[in-house]
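Colleague: Single-letter residue listing:
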Amino acid sequence: MFKAKIKAETLKEVVDVISALVDEAKFNITSDGVSLRAVDPAHVAMLDLALQKKGFEEFKAKECELGIDIDKLKDVLKLAGAGDILDLEHDEDKNKLILDVGNITRRMALVDTAGMSDPKVPNLNLPAKLIVNTNELRRGLRAAEAVSDHVALIASSDSFEMVSEGDTDSVNLKLPKALLKELDCKENQKSLFSLDYFSTMVKAIGSTPEVTMYIGTDYPINLEFDIAEGNGHVKYLLAPRIESE
Amino acid sequence: MFKAKIKAETLKEVVDVISALVDEAKFNITSDGVSLRAVDPAHVAMLDLALQKKGFEEFKAKECELGIDIDKLKDVLKLAGAGDILDLEHDEDKNKLILDVGNITRRMALVDTAGMSDPKVPNLNLPAKLIVNTNELRRGLRAAEAVSDHVALIASSDSFEMVSEGDTDSVNLKLPKALLKELDCKENQKSLFSLDYFSTMVKAIGSTPEVTMYIGTDYPINLEFDIAEGNGHVKYLLAPRIESE
Amino acid sequence: MFKAKIKAETLKEVVDVISALVDEAKFNITSDGVSLRAVDPAHVAMLDLALQKKGFEEFKAKECELGIDIDKLKDVLKLAGAGDILDLEHDEDKNKLILDVGNITRRMALVDTAGMSDPKVPNLNLPAKLIVNTNELRRGLRAAEAVSDHVALIASSDSFEMVSEGDTDSVNLKLPKALLKELDCKENQKSLFSLDYFSTMVKAIGSTPEVTMYIGTDYPINLEFDIAEGNGHVKYLLAPRIESE
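Chains as they are written, first to last, in the numbering used here: chain Y, 216 to 460; chain R, 216 to 460; chain E, 216 to 460.
Looking at chain Y on its own, in the form it has when it is part of the complex (with noise of 0.2 Å):
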């Protein structure tokens, strides 16, 4: 059982983050909210989701399994303005997702979950901790997107840089220590990256002002933050690109 009304922009939100990753996912209903794990097609990002009953407007549900086609949502929220609520109930007979908008109703056929795994978030002991201004990093990345498909994050105990070089340009974006929110970090570390992956992660940030990052050395990195006002939170894994050189 499942039915709920939440706002169409803290569904927006959460479609962001799904999408960067997958057009289709398994939402985990339980009476405490909704939670989903899951990982791109090429097996290199992770994306493991919370979203508290509290991030609802109303919220009723059982213990449930639903699987969405991502496109589909996106098309919904299309047709919410600015302050609109959609109800969300599960139709189990018919094994349908109705949801209104206005006076619209669609109803959504559901995805098989069967195929759909709970991926497994792997226990990183990631030795940097960065809080840095979403806005930077997205400029960053755009500078780096004109020279190059990888980037690499460093940390050291007094700066954050991204580094990203081309065959005949580089981009390097430095942030001191006294422009970053939080910066713990005692040894240098440094990974190298798939810029569009990374890119498309921090743009699935939205309008977050600060995201949270945990950089080893060859190691995943961890990108966190939180949406729905603060009643629901994002933990994205991305693995690090092999340095061939």
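Do not rely on the hints blindly, as some may be mistaken.
Same chains, same names: a pair is fine if it fits in one copy or spans any two.
Unchecked claim - Derived DSS-like pairs (lysine-lysine); straight-line CA-CA distance at most 25 Å:
id, residue 1, residue 2
1, Lys289, Lys418
2, Lys275, Lys335
3, Lys418, Lys293
4, Lys309, Lys389
5, Lys277, Lys222
Please keep in mind that the hints were generated in silico from the structure rather than gathered at the bench.
Based on these hints, arrange chains R and E on the given structure of chain Y.
Modeller: Here is chains R and E on its own, set in the frame of chain Y:
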């Protein structure tokens, strides 16, 4: 003879309404104003448009016919800013339409009207009449386009409904009597239409807040609305699709 | 040696003017400022640009030449917000241009200037001089593009005219003397130009409200305007098309 001044906004309303169905059209001009009838190339939809003399800023004409390429009119309208007034004049010797916008003059070749018929508007006695909010209709159509290529319009004594059934999903817009400006329907009426055609027509309504619809069962729909601040009137007819089930 | 600070808006003006004709260009730098001459690949149009030291926020240079890929400059300018100032510095050891925007550094490979000539600006004695409103010119060109691929520029003692003749339609922009800031023309002058080239040049004028034009008969046109709040000057030359009739 035809010599007139018209607000760019008014001409744009006219052009939007026509270009929903045809690329070129025969404007029938009399001393009282302009009228135009057109049928789309697939003979599925018909337009009957009238723009009175009062819809122009200045208007002097004797009976004549002008065959106009609608895309060319669009080109000229793109040059106009808010509040601009266009000068139109028929150069009978060279059979051109001379349009002035600001300091620009466009001399436009006219299209031969010999092959353009004046379609007869059928006299339909459609049993249900409704006045519907244009924005509600548009939002419903956007929702419907995500699931299907046709839409059923259903009038009953207490509501108007628009239903689109796709292979897996369906979309439903339901406006109860309280949300309709007018609803005059004794027996239930239902007809099915091509979503593409119906959407195009509804988009062409422009900023007019309400549209009058006449509906029957397996009969064409008749959409009517005013343009030119009430000095013009548009009537669209759209043939139904036969439900094959 | 070259080390300077420049407003992003000023550099954008320079880049727009250059990219109308070429993808890469040789910047001639002296202690007084920057100058640049370029000819488009088809040898139809020429650019002569000068930006004085005063057009920069800071400027320190000794004579040198920098071959710059204009698209790369555009990439960097896209990172700049309103009011941003860019740092430029020539790294002579590595022959790179180092650009800083905010916390981002882009190290840009320079283009070999060996193959880039300094075209000689011909000394034309063009008999008519006009100062024309840029927006009027732009609107006229948009109108002309709908009917033809060339445009005749005509100066007389009492007006400036721009005429485009297509197969069926024609477009005419006529600005009487009262609408021109200056008109100095004793005998009628008329030359025909490629609409594509002339439009591209006029677009590159940017927000400068007026442009000075020197016109002859079957002679190149000379377009001149200031950039960088009067601290820079641009001169475009465009060869005429030969009328074949």
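Colleague: If a hint holds in the structure, say so; if it doesn't, say that too.
Modeller: Here is how each hint holds up against the structure:
1. Lys289 with Lys418: So Lys289 and Lys418 pass the 25 Å test inside a copy (16 Å) and across (22 Å) alike.
2. Lys275 with Lys335: Neither: 27 Å inside a copy, 58 Å across copies.
3. Lys418 with Lys293: both (19 Å within a copy, 17 Å between copies)
4. Lys309 with Lys389: The answer is between: 21 Å across copies meets 25 Å, while 54 Å in one copy does not.
5. Lys277 with Lys222: within (21 Å within a copy, 59 Å between copies)
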